[in-house]
Amino acid sequence: MRIPLTPTLARGRRRPPRAATVAVVALTLAGVLAPAAGATATGRPGPPVPPGTAAASPPATRAALDPALVAGRGADLGVVEQEAEAATTNGTVIGPDRTAYTLPAEASGRSAVRLLPGQHVEFRLPKAANALTIRYAIPDAPTGGGITSPLDVTVGKDRRTITLTSQYSWLYNQYPFTNDPDAGLLHPDWWITECGCVPSATTPAPTITTPFRPMHFYDEQRVLLDRTYRAGETVRLTVPKKATAAWTVIDLLDSQLVAAPHVRLKAANAVLFGADPTGRRDAAPAIERAIAFAKKHDLPVYLPPGTYQVNRHLVVDDVTIEGAGSWWTTLRGREVALPTPAPDGSVHTGVGIYGKPAAEGGSRDVHLSGFAIQGDVRERIDTDQVNGVGGAMSDSSIRDLYIQHTKVGMWFDGPMSNLVVSDSVIVDQIADGVNFHTGVTDSVVRNSVVRNTGDDALAMWAQGTTNARSTFARNTVQTPTLANGIAIYGGEDITVVGNLVADPVREGSALHAGSRFGAEPFTGSLRFVDNTTVRAGTYELNWNIGLGALWVFALDRSIDVDLQVVGDHFLDSTYNALMLVTDWPVKDRYSITGVDVRDVRVDGTGTSVLSARSAGSATFTNVDARNVGAVGINNCGAFGFTPAGSEFTVVDGGGNDGGGTTGPWMAPWELPNTITCDDRPPVVPPPPPSAW
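As numbered in numbering that gives the first Met the number 0, residues 0 to 691 make up the sequence shown, in order.
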């Protein structure tokens, strides 16, 4: 029962793991290998689905849930989501499966449809639409680097063939990952779960099969139709018989009604300054001329419908740039190797709009709206500034942007203040979606969608200078392939409210608060209010345990902020709903206190409602739970197992109801600090969430 934690995993720009010799957990391969075909990470069997037996008209969902279950939470951008596994198909439904490194695990709802050449999947539009987004996966090239393959899209009389690609997918190995499926371990001196060992210090040396840890399988493509099609119209996706790809996986179809192009007549029109809307010629110099003219004459810059080739940063200050809409105007660029590294360490540049660095005073009064940014980033190099939007932008706004295939969608290095990001879509990123990094204050990201990131989807990282009074509100986050949906690393008076976070895949969770990565301490309050998580809580590789849907982690210092968890709904949590944990080497020095959990619903946990692996305390009031798979409170405390009980105290504030397999989730005998430590409790998969 007393099994210490292993080292914390490194994730990129932050810090490497400690020397692996501190790892003392004895693991077996049986505990870490993927389950047999048809099984899931939670043990839930994946029923075989014969071709053609799915529903004829897949329902509209939100994060693969009945929209009624998440009403009022997450983004509303007028997009209707339909899951492929609920559509008519002569292909094969794959999943459900929550095991990392599998195609179902990275799919929305943990299930998708695999098509062979000649097969199809068919949807019916729930609402009138003139635009589609198809989320898909196809195989990598045998030696990496991706392939292309066709897909036929038929809607009414609109029949076209689009080209799918895996050139921006398929990463392998340990951080910072590689595009080479045959590569040996990038860090043989790191402890790895697969053998429960440090390969370079193990005799005989373990055999590590390749490809090692494949991930980041999916991409998406948008299709603007020839006209508006009414509700009930059929959308058929067919893999041509002569397709390059041996298989094509369709995850979901988004449909929407896109407005006509926005026109701004009184503006500095970039085309009139020489910008080529066909994308054949470099448009950056012409756009910069338009920006200079606009600033001189107090005008906005207008980018008419078209694709503009931009292969470097456009540095902006005190200017408004408007496109015709993110479906109509695109800045597209290739990644360019620099002849010598830049002062910031970049070895590449690429398309991006940047404020001036904070060290130079930053930028102010920048307003961006109505265009897409599509990059060409295929590998993770953390020193590279190849983000969609970057720099410092105070008193600024960003609205209706679509950002794809950059390293980070938006990475802001403060100090800076009063930025509003809204109504935007960020997808298919190698690293984060949005990161408020270092001294970002009084800023907000709201009503936006972030999907398929390679690190935290939304993050505030108070490294060196604290973040303060900033908010993530009413956003939808789906399938971050590594790390967390929404992560807060230090800061003062931070609020996370009304978000919908679904399907984190590996080594993170839906909601996270961490005193780690050199962040400034939490002060004032940290509020997680009225959020919904679903199918959250992942397997942590280095610890060999499951994480909570909300994960609070004390690593660099104690967490004693006023931490409020109020009105949240935790649905179908893979492991526990809430986890409070202090890293093993500092468990006797740091603690987590001041946690107030109120008016919360927990519908389905693979294990407990609360997993406490720290000294400290928390108060629970009006927490209703059902379908709880293990003892409601798994209280290990600081693993001291003292005669006085656990070092973690649970306070019953009243009104706590419901439970699961072991009875009431909060039973009198568990209070205040009964040791109920089952270090790795067996997982009992809950039924699907339903109306309360």
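Just so you know, the hints here were simulated from the structure itself, not pulled from any lab data. Some clues are possibly wrong.
What the hints assert, rightly or not - Distance condition first, Cα-Cα at most 27 Å in a straight line; then the derived DSS-like pairs of lysine-lysine:
no.	residue 1	residue 2
1	295	265
2	294	265
3	156	294
4	240	156
Stated by the list, open to error - Computed Cβ-Cβ distance ranges for the label pairs, DEER-style:
no.	residue 1	residue 2	range
5	618	204	32 to 40 Å
6	200	584	15 to 23 Å
7	663	144	50 to 58 Å
Even glycine gets a Cβ: it sits at the ideal position worked out from N, Cα and C.
Practice prompt. Taking the numbered hints from earlier one at a time, note which ones the structure violates and give those numbers from smallest to largest.
Written response: 3, 5
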